[in-house]
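Peer 1: Residues per chain are reported as follows:
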Amino acid sequence: MTAATTTMRILIPAAVGAFALLQPVWAESAAEVRVTYSNGQFQPGVVNAPVDKPVVIRVKNLDAKALEFESTSLRVEKVVAAKSEGVVNVRALKPGRYEFYDDFNASAHGALIVE
Amino acid sequence: MQTALAFYALGNLFYGTDAAVAQDASSWREIETKYIFGFTTGSGIGLEGEKEFSVDSVGRFGKRDGHYAATETKYEFEVTPSQFVQIEFGALGSTHNIGAMTTLDGRNQAAFGGGFAEFRYLAVERTSNNPLSVTLAVEPTVRFIDETSGAGVHNFEFETTVNADIEVLKNRLYAGFNLLYEPEVTRTATDAIQREAQFGGSAALSVRLAPNLLIGGEVWYLRHYNSPTLSDFTGDALMAGPTLYVQFTPKVFMTAAWNAQVWGREAGNSLTLNLSEFQRHRARLKFAFEF
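Protein sequences appear in the order of chains A and B. Using the working numbering, the first residue of the first sequence is number 1, and each one after it goes up by one. Using the working numbering, the first residue of the second sequence is number 1, and each one after it goes up by one.
Derived by calculation from the structure, the hints in this document are not laboratory data. Note that CB positions come from ideal geometry on N, CA and C, so glycine has one too.
Cβ pair distances, simulated, as ranges:
1. B:V262 - A:R97: 37 to 45 angstroms
2. B:D191 - A:N89: 51 to 59 angstroms
3. A:D52 - B:V79: 22 to 30 angstroms
4. A:E32 - B:V262: 53 to 61 angstroms
5. A:F104 - B:F158: 39 to 47 angstroms
6. A:S38 - B:V79: 30 to 38 angstroms
7. A:R97 - B:A267: 48 to 56 angstroms
8. A:L62 - B:V262: 56 to 64 angstroms
9. B:S270 - A:D52: 52 to 60 angstroms
10. B:P228 - A:K83: 54 to 62 angstroms
11. B:Y121 - A:S38: 36 to 44 angstroms
12. B:V142 - A:T36: 45 to 53 angstroms
13. B:T188 - A:V87: 53 to 61 angstroms
Calculated pairs, BS3-like style, for lysine-lysine (alpha carbon to alpha carbon, straight line, at most 27 angstroms):
14. A:K83 - B:K251
15. A:K78 - B:K51
16. B:K51 - A:K65
17. B:K170 - A:K78
18. A:K83 - A:K65
Isolated chain B, as found in the complex (with noise of 0.2 angstroms):
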């Protein structure tokens, strides 16, 4: 009985999304794209004057030995204050659930872990002749708590993206690209001082199966440096995953995906995969609500 009324809540959830694949979808509402391809972030902006809050929800899980968990939670607040600008500010939240491994002192911790703003330039807009639309991204972060190891750190990383989408069959399909570049500065508790950067890009597609609701697939190839000029190169790791957009309602939606690590290498060992700079799975859960 349980089930079936699970089952029935669902079918509500995702209202007739029977029907809605059989239906003209060129009456649909037109959908706003950020965050309808996972990690990958697509070029919407937002509307002029909208407000939103958001928590927002990285897991990365899997090293090569032991038990790895990490998080990383943005609480967000975005405003878009222009028809081509949209900014965003917030503090980060960490957890690291990390024990019996080689590499890493195991700890199990939850902190605060920083701010980040950013900002965002919609610089070529989507229209009905056009169906590109990109926007350019900069991310500066502040973290006290490193990302991987969840040690007490001052890091300063500037993340700066292209996001790029093309709206392939009108309100039906979507395409979405990233190109990222990342550099970063970490001073250690012990005053050591690292200069990393990643770079990379990804590849992303998402079919609206009803108005509410979108799913799809993305593939992520990242490259890791221990220089932002990129010229020490020390591995890189493709990973792909499933994703998942549900409006539900006009103010108020959710977005989810997962990226397994399907490839990767280390720079100076034959090892499959490349779990030193990456991990073996990572999850995105990010509920926002618009006012």
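Same shape as in the complex, but just chain A (with noise of 0.2 angstroms):
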């Protein structure tokens, strides 16, 4: 057996394990937001979320046809579907203002606050 190959047969275990284990601690540390869309339109139209924690936008779709959660500050995009709910992770985020909007609606948008 070579070197290469047994450090690889170390190393590779060791990251997926690395990075199960990762897995619950983001999902336990995480901050919920949850926005509902209605009607075309996002509710709350302005959500907060804590600093320097990832977050997790439960979005709930109400209407008939499909939305598109999309931001360009936030960096995500997500199909979701008629009478469905789509979840959004968020890295762990600085002060400020993150608009958000349905990419299929050009008049529905919110913003979240982190502060």
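If you follow the hints, you should be able to join the two separate chains into one complex; please do so.
Peer 2: Have a look at this one:
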């Protein structure tokens, strides 16, 4: 067995294990934000989250057509089918205002305030 | 009649531009800055999970004598796997139309040119409290056709850039800056090895006239060396020109730019402009489709 093979046999399981361990930690420490989409608008229009914590945004689409939750500053996009819920995972954020919108509907927008 | 229809179509394309100039831009959606500065690359890395296919052509035109036209087109796939990393890769196609030149052989050809990959890491992210955003990028490229002469070669290039931009006025005015270091090594058909590098930077301004339309200008200063360690200076050039960015739909956009060499020098001679390592004009046209 070469040194390279031995190294890979140690490193790959270690990396997989570390990744698996991090997932529940990330999920436990994330702040959860809930947004409802109804009649082509986000409710509430402004939501809040704490600084330096990952954020899980749960988007519940009550309308009869799909929406695309999108944000340039959050750097996420997620299509949420009609009458269903989508989950958007966001990194730990710095203080500020992060705007989001429905890419399928020019008039639907909201903001996440991190403070 | 046809002219009137063309203007009407153009007016529709940049819908409500006059009204948009007077609008409150704070109500506009934020824009991805990567492609709004022409040859200068903005810091944007896209949205996590987003994919894009684009056709990106750069043409170089005019040398000291004869006629010279060369293009290189990137057929590019781009993906953003995380909120900090973007990866691109693709194939290169090149064309060369060269004739009556004293320094290059005449040729008229179109060929598969090679391949490339690019890795971008967002090092400083813009927030509502910090207008600056910085991305670090590396782009290894393999070419089988020499960019300048069109001759068959094996060329390995490792472009390293810092892409920074500042949102000067919210949703309205952006400034972009690039720092470039591009070492490369080429094995010619006669097995000669050539090592060289380009070093330089750019500054660009782009103003958003309408939610889907930005125009601007950029300036590039580039130095060329016959050494990757920047020890054998052969010449430099200053290029400047206008830029255009149009978002046709939320998922389809184009960017265009044109640069003219406004100043240049070649080491060891007093000729105006540097037309040995650079060209009189260069132009860029890119169409992209996100999905």
